[in-house]
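Trainee: One letter stands for each residue in the lines below.
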Amino acid sequence: MNSSLTPALPDYRAQTPAVAERFRKLRERPVVLEVEKLGREFSAERGMVTALRDVSFQVHRREFLCVIGPSGCGKSTLIRMVAGLDYPTSGRMLLDGHEVRGPGPDRGMVFQGYTLFPWLTVTDNVMFGLQMQGMGRTQAESEARQWIQLVGLSRFEKAYPAQLSGGMKQRTAIARALAANPRILLMDEPFGALDAQTRAQMQTHLLEIWRNVDVTILFITHDLDEAILLADRILVLKANPGEVQEIIEVPVPRPRSLAQVNSPEFLAMRHRLDELIHPKTSASTEVEKLPIIRLTQVGDDVE
Amino acid sequence: MPRQSWLAVRKDLTPRRHTVLGVMAFLLPLALWSLISYVPFLWHPMIKVEATGDVSWFRTGQLIPREDFEKEFVRVQAEGGHLPTGIRSNPIFLPAPHTVVRALYTAFTTAPVLRGDLWLHESLWMSITTIFWGFVISSAIGVPLGILCGSYTAIARLTEPFVDFIRYMPAPAFGALMVAILGIHLEPKIAIIVIGTFFQQVLVVSNTVRKTELGLIEAAETLGAKRRQLVWHVIVPASLPDLYNDMRILLGWAWTYLIVAEVVGVSSGITFFINQQAKYRNFDNVYAAIVIIGILGLLTDQILAFIGARLFVWRTLRRSRVRTLFIRLFSNRLTENGPANPNEAQAV
Chain W
-12 MNSSLTPALP DYRAQTPAVA ERFRKLRERP VVLEVEKLGR EFSAERGMVT
38 ALRDVSFQVH RREFLCVIGP SGCGKSTLIR MVAGLDYPTS GRMLLDGHEV
88 RGPGPDRGMV FQGYTLFPWL TVTDNVMFGL QMQGMGRTQA ESEARQWIQL
138 VGLSRFEKAY PAQLSGGMKQ RTAIARALAA NPRILLMDEP FGALDAQTRA
188 QMQTHLLEIW RNVDVTILFI THDLDEAILL ADRILVLKAN PGEVQEIIEV
238 PVPRPRSLAQ VNSPEFLAMR HRLDELIHPK TSASTEVEKL PIIRLTQVGD
288 DVE
Chain U
32 MPRQSWLAVR KDLTPRRHTV LGVMAFLLPL ALWSLISYVP FLWHPMIKVE
82 ATGDVSWFRT GQLIPREDFE KEFVRVQAEG GHLPTGIRSN PIFLPAPHTV
132 VRALYTAFTT APVLRGDLWL HESLWMSITT IFWGFVISSA IGVPLGILCG
182 SYTAIARLTE PFVDFIRYMP APAFGALMVA ILGIHLEPKI AIIVIGTFFQ
232 QVLVVSNTVR KTELGLIEAA ETLGAKRRQL VWHVIVPASL PDLYNDMRIL
282 LGWAWTYLIV AEVVGVSSGI TFFINQQAKY RNFDNVYAAI VIIGILGLLT
332 DQILAFIGAR LFVWRTLRRS RVRTLFIRLF SNRLTENGPA NPNEAQAV
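Note that the protein sequences, when read in sequence, are chains W and U.
Letter 226 of the first sequence, counting from 1, is numbered 213 in my numbering, and no numbers are missing.
Letter 211 of the second sequence, counting from 1, is numbered 242 in my numbering, and no numbers are missing.
Errors might be hidden in some of the hints.
Said to hold, decoys possible - Covered stretches of chain U (chain W as the covering partner; in silico rule of three or more C-beta atoms under 8 Å from a C-beta of chain W): (1) 254 to 260; (2) 266 to 275; (3) 322 to 328.
Derived by calculation from the structure, the hints in this document are not laboratory data.
Note that the Cβ used here is the ideal one computed from N, Cα and C, for glycine as well.
Excised from the complex, chain U in its bound form (with noise of 0.2 Å):
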């Protein structure tokens, strides 16, 4: 195979650019923030005091921007006193990589400052309780609800215009109400998530179900398939793949729903801790605490797509692995009993 430009147009990449590539991803990112964290003259725009000398407001540690510093700097040669000392320095709320690593691991060693506040894990767990019961109760009446809106257009035209009307109503407005219903604990949170997925979900379901090819329906309907035949075993089953990638979309929207949801009522779990950690200033650990968000994302999304390619097996085949499989699946077979040329076989 010859080379192949980096950049053809909707080529697929050798499985070594792939990885190269997806791991450049996150390299690069990290590698822009580094040279900003580590390489003084980029930006810097703070001065951290060393010593403070004959400035009466510095205090050691503390962060001037420069000018100030220059300025009180100058002042003090002027006067001839003792000169403060100091580094450059980032602003406080871009702490360096290295501080945010150390941070992911005493974020969840560490105790919390007042007693009954909850550790980093028990925040998370809390926050992922929460996620979870907002996506099923979501999910349990928006896809079935979905599914019926893509089949039968009454249904949809009965439920849809309603359903986009309430769309465009942000999830957090609900949250006095939902506290003034259900309390200030974690049922209204949850039923902001429900809120805020719930009326999307229904018209991507109902989207990707209306989806389904037309042909394959008129097919099952001229080998006999009645109304609810044709919603359960062609309909589901066709668009089951596309509904399950849905979900994992939705999924997403999920999280991003959490955090405005965490702050309803008592502000609760990875939001709380968050809140609590900036009003100390200790951003390492706010950065700590969302890239573990991310983490916690990407890895159950991974893990879904992995379940994914597995449970729609029909599906992958597909792609570039129909032939191998092919060969594997039936070559021995005709050869035993078959015509001599499997490629006569594959031709008819």
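The shape of chain W in the complex, shown without the other chains (with noise of 0.2 Å):
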């Protein structure tokens, strides 16, 4: 479809000796989390089903990652597996160097439900984490106090879930998360229930607080403009097995916003990626053409 723009876009790789500077200083960065060789294998009726296959990647210390892929390629499964909340195969994960198994707060996770604790106010909400860790009851308020003013919620800090919006309900658990003080901040399609609006003001807003805090974030998505927004680099995967297809470090200079959309640079990567997850050869992603019948009078016609 966008054949006639093709030859006027620049390569994806080309970056602006800006851009490759930065992206020079990240690799400088220490490594936080090494995926080494990651597999998942399920049972199924038929025998065992790859799921994932060797998947092997690095994220450094302030880094944005983004992964995305078809559906069904396993994203949700390696994020699941790096939250410890699933179990891997094959391969095994460091973190800061060390082997990680099982579920710990060094991981903090925002789930796409939400899945705030609906019996505890937002305050409550955020605390949870501290708590869990041992913190007494006072320093826990007053630290949560200052991650809900980072996420502008410090007027609904006695709300109940119930009473908060979509959008205001991911940032109280973008807030939990945090507060938890986690190494890497693991994100599985936040904002894939919010409406199209509230999704850009919380990207926004994400970029926001991911360059005033000390976090590192891996980031699942579908919506291959909202990787190229957030992300310092992509991670493709394929699916059938899931398997790395390619990690692109995104051209699209920093600080990110929404205007940056038609950017040359964006529509690069954009191609590329739409190339990546929806390849033209193979048919079986293609738009199967509906056997409808007409079912309106002749000349009823509405285009």
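Given two chains presented individually in distinct reference frames, assemble the corresponding complex, making use of the accompanying hints.
Mentor: Encoded structure:
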């Protein structure tokens, strides 16, 4: 569909000197998360099914890494394994050089379904992690207050989750995850359930938080534009079995904003991701023409 | 709002209809009962003898099946004797509403027939005591065990098959055994209620606990909650409102077991009163006692529901009042130092 535009687009790997310099510095930062040949097999009716195979990557300190892939490629399985909520059948993960197994507060998670504790107020939700780790109520409360302020919910400290809109719920969930002081923040399609406008606001908000807080982010999404807007690097998975297809350094300069979606770098990146996720050659991903019989009268046309 | 059909599928009723239908739920059965009691030609299969006439076996006030009365009437008529008279009436086991209402009052004010028997309120109190202790003892063990079963699969597997097995044994079957072990007074009755309630309770509680959203448990795990913290700080508070409702339902079951429990050993409490009154053929008193049990149950349940709604504010918010409460709580503060348009603050 973009074939007429393609010749005009720059190479998605082309980086301006400033962007290249950023990536050089990024690579010099210590590795927070190292995933080594991670694999996951499920037993199904017809023997073993490989969901993920030999997935390896590194996340540097304060990097923003997005994972994208077609549906069913195992994105969620991957992040759940990193969080310790699912277990790999092969390979291992190192956090700050130490192997991790099972869930822990060093890997905070934000879920698509909010998963706020409905019986707790916003403050109590944000305090939860701190209290579980043995912090006293007073101290936890004052620390929670700072995180609530950071996500702009100070006026809603005493509200219950049921009283919040979707965006506010997800901001609370982010504050709750950050308050527990994780080494890496895992986000599993966190804005997937939000409407387009709220999602755009949340993306800007998240970038703001990431700029100001010492946190590394691993972000799963199926929204290509979201990935380009947010990520330093994008890890593209392919399906059946889930394997790393390419890890791309996003050439769009920072600070990012929604105004950049029509910049040449953005479009080049977008075009590349489209190629990877929806390959033109494969017939299976093409929209099949539905066998529809005409059920309206002749001449009663809408287009 | 357009007028809604009375039979709209799964739509909320208007408050007015809600009240009207709730009242009707009681009035309709009462109306049916009144019709049968006060309109003679609807049923009234008996004749209450007013004058015996020349029928030797009739007694004044006796209830005679209509066919028998008519047979005797025809016979006496043919012989030319004094004719018996009578009025149509219902069998003794179906007293009219007003007599039951009267009995509701007189049952409390009439001294027991035998000296040493209990007054109605004393019988009632005895029943309430029995049920209270039965339910408390059952819950004290059943609820924690149910929570453990719902939380830890291993404990569930170790407990539930056996509990399931015992659950099918009718509690009254343990009556003789309990009397042998615990004597003939309140103890075996309490034990029957415990047996009847406990095993159901464990299963019901563990089932409710198991319904805790897995996402909440996973979220807590990524926040550093360990096993015991998961149970105490996530599973228990998350299922508390549902557990509370389970308790309400189980308390209803405990009342059912009360009646069988009270005939174990020395008959006692409200059951003794009912049996005694039935023996004297005071069926209005029997109905009165049954109605009292119903009222007591309904009242307890409504009180518990009322308390529950206030105990779990976060739950009730989710329903219709979310918005009004939300606005009431935050609108003034929003205009103070927040964005001018409150909708903006809600949007994100």
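Trainee: Confirm or reject each hint.
Mentor: Against the structure, the hints:
no. : hint       : verdict
1   : 254 to 260 : holds (count 5)
2   : 266 to 275 : holds (count 3)
3   : 322 to 328 : violated (count 0)
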